[in-house]
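Asker: Chain residues, written in single-letter form:
Number of protein chains: 4
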Amino acid sequence: MSGNTFGKAFQVTTFGESHGPAIGAIIDGCPAGLEIDLDFIQNEMARRRPGQSSIVTQRKESDVVELLSGVFEGVTTGTPIGILIKNKDARSKDYSHISEKFRPSHADFTFTEKYGIRDYRGGGRSSARETACRVAAGAIAKLFLAHSSITINAFVSQVGSIVLDKKIEKIDFSKIESNIVRCPDTETALMMENFIKKIKKEGDTVGGTITCVVQNCPTGLGEPVFDKLHAELAKAMISINACKGFEIGSGFEAATMRGSEHNDIFVKEREKIITKTNYSGGIQGGISNGMPIYFKAAFKPVATIIPEQKSVNTKGEAVTLAGKGRHDPCVVPRAVPIVEAMTALVIADHLLRKRKNRL
Amino acid sequence: MSGNTFGKAFQVTTFGESHGPAIGAIIDGCPAGLEIDLDFIQNEMARRRPGQSSIVTQRKESDVVELLSGVFEGVTTGTPIGILIKNKDARSKDYSHISEKFRPSHADFTFTEKYGIRDYRGGGRSSARETACRVAAGAIAKLFLAHSSITINAFVSQVGSIVLDKKIEKIDFSKIESNIVRCPDTETALMMENFIKKIKKEGDTVGGTITCVVQNCPTGLGEPVFDKLHAELAKAMISINACKGFEIGSGFEAATMRGSEHNDIFVKEREKIITKTNYSGGIQGGISNGMPIYFKAAFKPVATIIPEQKSVNTKGEAVTLAGKGRHDPCVVPRAVPIVEAMTALVIADHLLRKRKNRL
Amino acid sequence: MSGNTFGKAFQVTTFGESHGPAIGAIIDGCPAGLEIDLDFIQNEMARRRPGQSSIVTQRKESDVVELLSGVFEGVTTGTPIGILIKNKDARSKDYSHISEKFRPSHADFTFTEKYGIRDYRGGGRSSARETACRVAAGAIAKLFLAHSSITINAFVSQVGSIVLDKKIEKIDFSKIESNIVRCPDTETALMMENFIKKIKKEGDTVGGTITCVVQNCPTGLGEPVFDKLHAELAKAMISINACKGFEIGSGFEAATMRGSEHNDIFVKEREKIITKTNYSGGIQGGISNGMPIYFKAAFKPVATIIPEQKSVNTKGEAVTLAGKGRHDPCVVPRAVPIVEAMTALVIADHLLRKRKNRL
Amino acid sequence: MSGNTFGKAFQVTTFGESHGPAIGAIIDGCPAGLEIDLDFIQNEMARRRPGQSSIVTQRKESDVVELLSGVFEGVTTGTPIGILIKNKDARSKDYSHISEKFRPSHADFTFTEKYGIRDYRGGGRSSARETACRVAAGAIAKLFLAHSSITINAFVSQVGSIVLDKKIEKIDFSKIESNIVRCPDTETALMMENFIKKIKKEGDTVGGTITCVVQNCPTGLGEPVFDKLHAELAKAMISINACKGFEIGSGFEAATMRGSEHNDIFVKEREKIITKTNYSGGIQGGISNGMPIYFKAAFKPVATIIPEQKSVNTKGEAVTLAGKGRHDPCVVPRAVPIVEAMTALVIADHLLRKRKNRL
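Chains as they are written, first to last, in this note's numbering: chain G, 1 to 359; chain H, 1 to 359; chain C, 1 to 359; chain X, 1 to 359.
It should be emphasised that the hints constitute simulated quantities derived from the structure, not laboratory data. In this text the structure is predicted, and so the values were computed from the model without any measurement. Among these hints, one or two may not hold up.
One copy or two, either will do: identical chains are not told apart, so a pair holds if it fits within one copy or between any two.
[As the list claims (entries may be wrong)] Computed cross-link-like contacts, SDA-like style, restricted to lysine to any residue with a CA-CA straight-line distance of at most 25 Å:
1. K60 x V267
2. K198 x E253
3. K60 x E202
4. K86 x E73
5. K86 x S178
6. K272 x N216
7. K268 x E317
8. K198 x M257
9. K315 x E100
10. K167 x T256
One chain only, chain G, in its complex shape (with noise of 0.2 Å):
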């Protein structure tokens, strides 16, 4: 009835506050027999990780995972994988100032009217720091997506006002980690990297979105009628810290369209079934079509900004806030390998789900 735990068949499980001595997660459902590449989760973490770049948080975190259980002589044994991830370099003090405060659009407001009690330090719980978690499971289920073929990749698509305008087929996927915004197309990146440092000088932030495309996902996986694969995505992506919106294929652009121009018309191509246009984004009726599965999230600017703001205080008296606490001046960067880790366990927990389907 909680809400830390991810999935039916491959099940992620979190725990975990920005400041506390450590996070970690349980992935309950992994099949045995998989080998588990340390080298690549790792990789995975360093994608995620603060510090990594001019234009994230400074915060410095190893993010060595460890893993515990579930894993002998390398492989998978079928049961519970245990991972722990150190907390090195949290800063408490620098989040006392505000153990009394609201800062505005964070959850400090929320958390308190819903637990009444809540740990301050880093915004607990509700910081991205979780993420971390999300990601290192993630990397396992791409290890076990590789397995069936299936490749996810994510990139920056838009920050601010600058929007990458290129179709789905044209992005070349080995470009999105050349440069440190993870935009695909180099004159671009550049741009959203120059906007960036400019308003992380002026010590505000800036929103963005992300695309995602899952490539060579077999037909078949989704769950009708509730446990849709895009209604599992949408959660998914929404699950994420800043995230505003979610669009599947033709997304918010099918309210102007009609079913003429909209239907992707069916053929036959080299022994198999394809469709000549792809607006379904690879879903149809809930259920993979073996097209490419592509989507959209919307992210909104960090809340934490430099200049003074008002609030009120835990008794609402009016009160002002600086804005400490190192902070990242657009999410969407260090959100891509998150984006990718949640449709990996997704799709992982929908391959698994599928095997039930027929006698």
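Fit chains H, C and X to the given chain G structure using the hints.
Answerer: Structure of chains H, C and X alone, referenced to chain G:
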């Protein structure tokens, strides 16, 4: 592991196909002591019912809701509520021509791929007929929410390129039902209606958007980190047939905004902490903050159209398809009560789940 | 969070009260492609049906199972199977005298305490009538298990102090249905039948035990550490009305044994690893080992008796109660198919869950 | 779908193997505001700890519980509680001789069959070492239950053929910890202790039973029809390593009783409705009735014995096995706190679930 149950505390499981003898649902977890207003339930059904106006499908279903259990002398007993809705006007013959063909952008192909078998009559389980169960269950959820004075209002905010250009605060919800489009602005509604009629005459279909507002929602609803309130709403919306996008509060617009303009400043007014702006859409850190919750959902154009289309059959051979079967030229007018119902299910579920938060 | 759903992969949710218009169930997760033998289902219903013999309750219910969905042209489609069973012979008037009284060892008091309201007609939701849904769902589970050649046989092994003194290996399952007690030993069955008739004449009731054997169960079923196969069987049995005890394999006898005598020695026979003895009851470490699974369940005497009893009413005042309402003098003959049904649900669930164990 | 999570509202997920670096758990759903008494938790651990007396396994584990999250300034925050227990005294070498052999009545064979791979060191995940996590989580559940004055006491009621012959009402719970067997009758305890020592000297093992009593449990706990309170207790008990049987209240004795003697008559005493007898064991219709809940669990003799045994290896070849590895001659003394812990988890879960029962 299958996907036909929604919610964890207020739990709804549905069954039924478009052309079977009946569809239905079980609500497990509705608290005891709730007075059941059958007229209200039936009225909600009427809002979703086919044949209700000239711009919707002409299938004739009375959609009478039979409550088979869980209610004694007009009051819920805390035991499961069995809901039955008989199918009356199924014309299965209309569909025999597609038994071996895959209709473009329908779920014919994906259901066949997933299950190896498909009830082709009227789309079977993938038909939006299933949403009648959601509306019935949602009506009971609304009755439960009414005890906490929580209200939910959805309305059509876009049809094709015709957009309702009005701020949420200016919407007069009492006007939603004043026209057959369910757009609360008379002038815009008329434009939409005419456009839908034109589209219908052409045998084509068109998409649209629905905006939904939850008022008087108490603080503290939502279960981080995965079952955040807006993540659950996103899943609820995207699980509705034809829904392609979801955004909460500022949504995709947030991508272009700066933190300094996007942050919702807390103030105390009339003994209550509120925010001056509401870009957050009533949810912060995945938990309701007491402000109105609002979000938008995008719907694609209905896939059934009259003009002949190309496709393939189950053997992968090229075929042509003519649009038979009764269908809606635009789904949003009838989707309004469905959006409200799914919202009611999410809020009811989390109202109950909240009860375990504190000692 | 409510308790009316059983299973995680082969998932059954039931609804309905003893004297409502109908009871029913939804099976979600039955694989597609299963041929549905309606005669078999109805035959299973007949084994549980009231009025089937002189030693059971005389309520007359035909218990016709209507499948409302999930089956197309005689074969499951992978979508939820809606099951409806109408109540025909409810005599609610028989119960008006207890609307304000708490019958001893019934659920009248606890339902009132829990929900504040109670459908007193025939025990409402607490009536064993609900188990008709379990038998219907269990019949479909049995059809699924038949594809893996798994068979389930339960029989009455004790009535009062009359105990069937025969080893499992010596039981001739084909004789179970040869008598109205469902004890596979003709002589013992006759003694039991006569004893039940005597008890009935006295207006009293008596308890008993049922033994159940699962044959041809493959290895690898069961999900440690909490969803061990015998833990799930235990829950399944104890969830049946009137069940007070469960033991697997050696059971309570194991408490008196030594490891050196209790250990089941592995040997290889006909290319298969088996155990020489089977004190484990076919399950080791919570996982099936391929040997026959056997367990025993104890049932208390039915609480409804004819002699006048003392009790209290809803105000706590002392009252007397006379036993009206039709009831069974001994529950075990009719509980045999229920035990089998719940066993089938557990095994079917774990057969599907096993599919995710390996890469 | 995997089986390492217990509970729906007070939800515990465990991980870890006997000889891995650590074991642990996540509690999701513990209400906020609960003071955490670390000494109490550690004391509960000490009761289960190996090496605590001469009649248990001599593995030395300090079993220090580290709380990694969910507790702030000594009080729960409502977020997941991360629990870590390091393994200190794993002697994996003791087990290398069985890496290719299946020990009789252990889970070696079934884990290999299920997962195709097995961590053979100390039994891996199938080791009772995992129950340390249950005791830690159960200790926190007990702290929660203490707020409702609910107490749980388990004790050894049988070792081999030595049975504690005392009615529940006569048990002095304060004497449970007065001896190393955990039998609250000094004389019987001494007999049991001597018997265990004798068995140990012979290199053999012996079974036993544990009785558990829950006092001050409020009415209304338990969720019919499947999650009945005693059904959940049955599953909880049988999920404990070596548990073979469960009975609630009159249990198997009920099979021999008549309704007229078994029925618990309601009376009002001191403004409270109670029953004169308590054959029901405090639960009627699956819901607690306010009377003491009591049940008994049977445990088989530990499978590890010193005398040489025959078995087969992974190739199915006949082999012999000598009992190495430290182990308990009788499991029940150390299982007492585990039985209490699992009971606490069930009661805590249902105490929270009850909160949704009424409007």
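Asker: When no copy is named, should K86 and E73 be tagged within, between, both, or neither for a Cα gap of at most 25 Å?
Answerer: both (23 Å within a copy, 19 Å between copies)
Asker: Which holds for K60 with E202 at a C-alpha limit of 25 Å: within a copy, between copies, both or neither?
Answerer: within (23 Å within a copy, 59 Å between copies)
Asker: How would you label the pair K268, E317 (within, between, both, or neither) given a Cα cut-off of 25 Å?
Answerer: Intra 67 Å, inter 7 Å, cutoff 25 Å: inter-copy only.
Asker: One pair to classify: K315 and E100, alpha carbons no more than 25 Å apart. Within, between, both, or neither?
Answerer: within (8 Å within a copy, 50 Å between copies)
Asker: Within a copy, between copies, both or neither: which one fits K60 and V267 at a CA-CA cutoff of 25 Å?
Answerer: So K60 and V267 fail the 25 Å test inside a copy (52 Å) and across (35 Å) alike.
Asker: How do K167 and T256 come out at 25 Å by Cα distance, when the copy is not named: within, between, both, or neither?
Answerer: Cα proximity of K167 and T256: in one copy and across copies (19 Å, 20 Å).
Asker: What label fits K198 with E253 when the C-alpha limit is 25 Å: within, between, both, or neither?
Answerer: between (31 Å within a copy, 20 Å between copies)
Asker: Using 25 Å as the alpha-carbon threshold, which applies to K272 and N216: within, between, both, or neither?
Answerer: For K272 and N216, only the intra-copy Cα distance (13 Å) is at most 25 Å; the inter-copy one is 40 Å.
Asker: Given a CA cutoff of 25 Å, do K198 and M257 count as a within-copy pair, a between-copy pair, both, or neither?
Answerer: between (38 Å within a copy, 14 Å between copies)
Asker: Quick one: K86 to S178, C-alpha cut-off 25 Å, is that within a copy, between copies, both, or neither?
Answerer: Neither way: K86 and S178 sit 29 Å apart in one copy and 41 Å across, limit 25 Å.
Hints 1 and 5, counting from the list given before, are not met by this structure.
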